[in-house]
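*Asks:* One-letter residues, chain by chain:
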Amino acid sequence: MIKIMLVILCFFNTLNLLALEPLAEEEMQQVLGQGGVYLSGDITINENGGPLNDLADSSNPAIWQKNCTGVSTHKRCGARIAVNAGDGANSGWLVLDNIRGRFSFEGMTLKTRKIDTGFGGDGALFNNNVLEIGLPNTVSYGDVSYTLANSSQARPTDTGFNQTDILNVNLDGDVSLRGNLLLFPTGNP
Amino acid sequence: MINIQRIIILMVLPTLVSAELIPLADSTLKKIDGEGVGIVLEDFVFQAGEQVNGGTFELSGLENSNGEPVVFGISQFYVAGSNSDRGINVIDNPVNLGRLLYPYNIELRDGNDIGITDKAVLELAAPAKVADLSYFEVLKENRIEQRYPGQQVALGQRVDSFIGLNDSIFSSRQGERADLGIRFDLEVNGSQSQSLENHIKDLAIDGSYIRLWGGESRVEAEINLNLYATQLEFRACDSLGSNCGDSVNFNNIGIEAQLGDGSFQPVTFEVTAEGQFSLLVGSLEGKCATNATGGCVAGAAKDRLAEYYNTGPSSNIYVDNVRIGDAPINTVGNFGRSTVSNLQIQYLEVTSHDL
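If you read the sequences in order, they're chains F and E.
Numbered as in this note's numbering, the first sequence ends at 189 without a single skipped number.
Numbered as in this note's numbering, the second sequence ends at 355 without a single skipped number.
Just chain F, with the same shape it has in the complex (with noise of 0.2 Å):
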């Protein structure tokens, strides 16, 4: 008897024939996220140079068989980014090379805030959500370098690897990032 109960249970529940119903926007907008979330970040990004700075394998190409520890002056050590804007074969690549470093930073906020008053009269008639960056006011940067260059290879070990480096960039130490990014669509979403 109860297994036969239970089964009548069984139907009784899938009786309900509901369908997916598109939530209004009135409901939607009573959904409220949690209070945001804090974030430090620390990366380092190629200290030695990379995975490919091989100095036990002789048959790796020579630009890749650099010392890159802190004392190194070698020129060529770290990530490479090389992007084609034309039609590949036929034109070269813009570089950003020898990406190296530590990038950190403490304190950087992310949460949803409600804005309806302030910013010189706006606030009242954007009166909407935005999606609030907390920058972190302070950004640490530990020897990161990178060198922005034309090339006319994607990779050095390409044949006919010819590279003009038009300038490097070395920086250590703070930067003051302050202030908050306020993210929002635009037009009628």
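Calculated from the structure, these hints are not laboratory results.
Remember, it's a predicted structure, so these values are computed and weren't measured experimentally.
Quick reminder that beta carbons are idealized off the backbone N, C-alpha and C, glycines included.
Be a bit skeptical, because a hint or two may be false.
Claimed, not checked - For each label pair, taking beta carbons as the anchor points, the in silico distance ranges come out as:
1. E:S161 <-> F:A24: 53 to 63 Å
2. F:N90 <-> E:N142: 42 to 52 Å
3. E:E285 <-> F:T159: 32 to 42 Å
4. F:G107 <-> E:S65: 18 to 28 Å
5. F:A124 <-> E:N251: 51 to 61 Å
6. E:N252 <-> F:G107: 37 to 47 Å
7. E:E285 <-> F:A79: 34 to 44 Å
8. E:I345 <-> F:G118: 53 to 63 Å
9. F:E25 <-> E:F234: 51 to 61 Å
10. F:G121 <-> E:P149: 52 to 62 Å
Stated by the list, open to error - Below, simulated EDC-like cross-link-like pairs (lysine to aspartate or glutamate); rule was C-alpha separation at most 20 Å, straight line:
11. E:K287 <-> E:D202
12. F:K114 <-> F:D143
13. F:K111 <-> E:D43
14. F:K114 <-> E:D43
15. E:K140 <-> E:E307
16. F:K114 <-> F:E27
With chain F's structure known, arrange chain E on it following the hints.
*Replies:* What follows is chain E alone, placed relative to chain F:
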């Protein structure tokens, strides 16, 4: 037995459910218009540099004519609110960049709406102007002269004179125009030789945008660059950063540069196969079939070119006053006002070469 019955019933049950996906009405879909992401920087301050934060901030890789390495040591690089007093008042002087109603905007646009046929266009835009007008008000007059001796009188209008500035076009309000600047030392062969400063006061870039799309075999662009500032200043000091000379001031500057006209005249930036960069504003050559005397044959192609010449991209530059130090008007050291009106770049190619 009861278990088998139960299983059969449970298996059959799903087929009895008549739930369905509800189609979205046209009115709902219409609201999704694929507009972009607005960006506003609230109470923003940026400051970096060796003198203000310690550490090292250098640009290197340059050489002087003797082959000695030249290093730019950046003492200060800042973005702050107005009245920063050449970068002295930075950290406690934030600025709002972009307004909630006129934000910086990143958007994918339908190229058919903006003269780039059948392409999806990525648009990076600064705050829009309140009205799509030029900052410069000019008086125009009808041409009454021949363009060449013995030829017909030229038609149309030309700029006669500059009559004023239209401040009402800006969406950025007075407190929302940033000061930015850079102070750097030139180190030649390891020894510090000179200190240079550039400061820009009350910068607004309202109405600027860059549009990018995939052309036939490369990235193509259309660039609209508007720069407005109350002052652009250059100054040189000795190697200690003191004993500064007179500054050279460009006061009340406006630059409105339009480069490219959709896919009709795209701007391309690429690196050549030899590893040199190349910036190109497309040529108009061959845009229409020509007759025996070299003119365009009447038709749609000619009409398009006429439209380009009449209302196509053009650049205007205005500097109210260029002077050294505080030299008053009509004295030595005051170079007066300069304007460039309706400059139309019909072909431009810039290529780098190794020295």
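*Asks:* The structure should be examined with respect to each hint, and the outcome stated for every one.
*Replies:* Now the hints, each set against the structure:
1. E:S161 <-> F:A24: 53 to 63 Å: 59 Å, holds
2. F:N90 <-> E:N142: 42 to 52 Å: Cβ of N90 of chain F to Cβ of N142 of chain E: about 48 Å, so the range 42 to 52 Å holds.
3. E:E285 <-> F:T159: 32 to 42 Å: 35 Å, holds
4. F:G107 <-> E:S65: 18 to 28 Å: Hint violated: Cβ distance 47 Å, outside 18 to 28 Å.
5. F:A124 <-> E:N251: 51 to 61 Å: Violated: the Cβ-Cβ distance is about 36 Å, outside 51 to 61 Å.
6. E:N252 <-> F:G107: 37 to 47 Å: 40 Å, holds
7. E:E285 <-> F:A79: 34 to 44 Å: 42 Å, holds
8. E:I345 <-> F:G118: 53 to 63 Å: 42 Å Cβ-Cβ, so the 53 to 63 Å window is violated.
9. F:E25 <-> E:F234: 51 to 61 Å: About 54 Å separates the Cβ atoms of E25 of chain F and F234 of chain E, which means 51 to 61 Å holds.
10. F:G121 <-> E:P149: 52 to 62 Å: 59 Å, holds
11. E:K287 <-> E:D202: Violated: K287 of chain E and D202 of chain E sit about 42 Å apart, past 20 Å.
12. F:K114 <-> F:D143: 39 Å, violated
13. F:K111 <-> E:D43: 17 Å, holds
14. F:K114 <-> E:D43: 17 Å, holds
15. E:K140 <-> E:E307: 18 Å, holds
16. F:K114 <-> F:E27: 16 Å, holds
Of the numbered hints listed earlier, those contradicted by the structure are 4, 5, 8, 11, 12.
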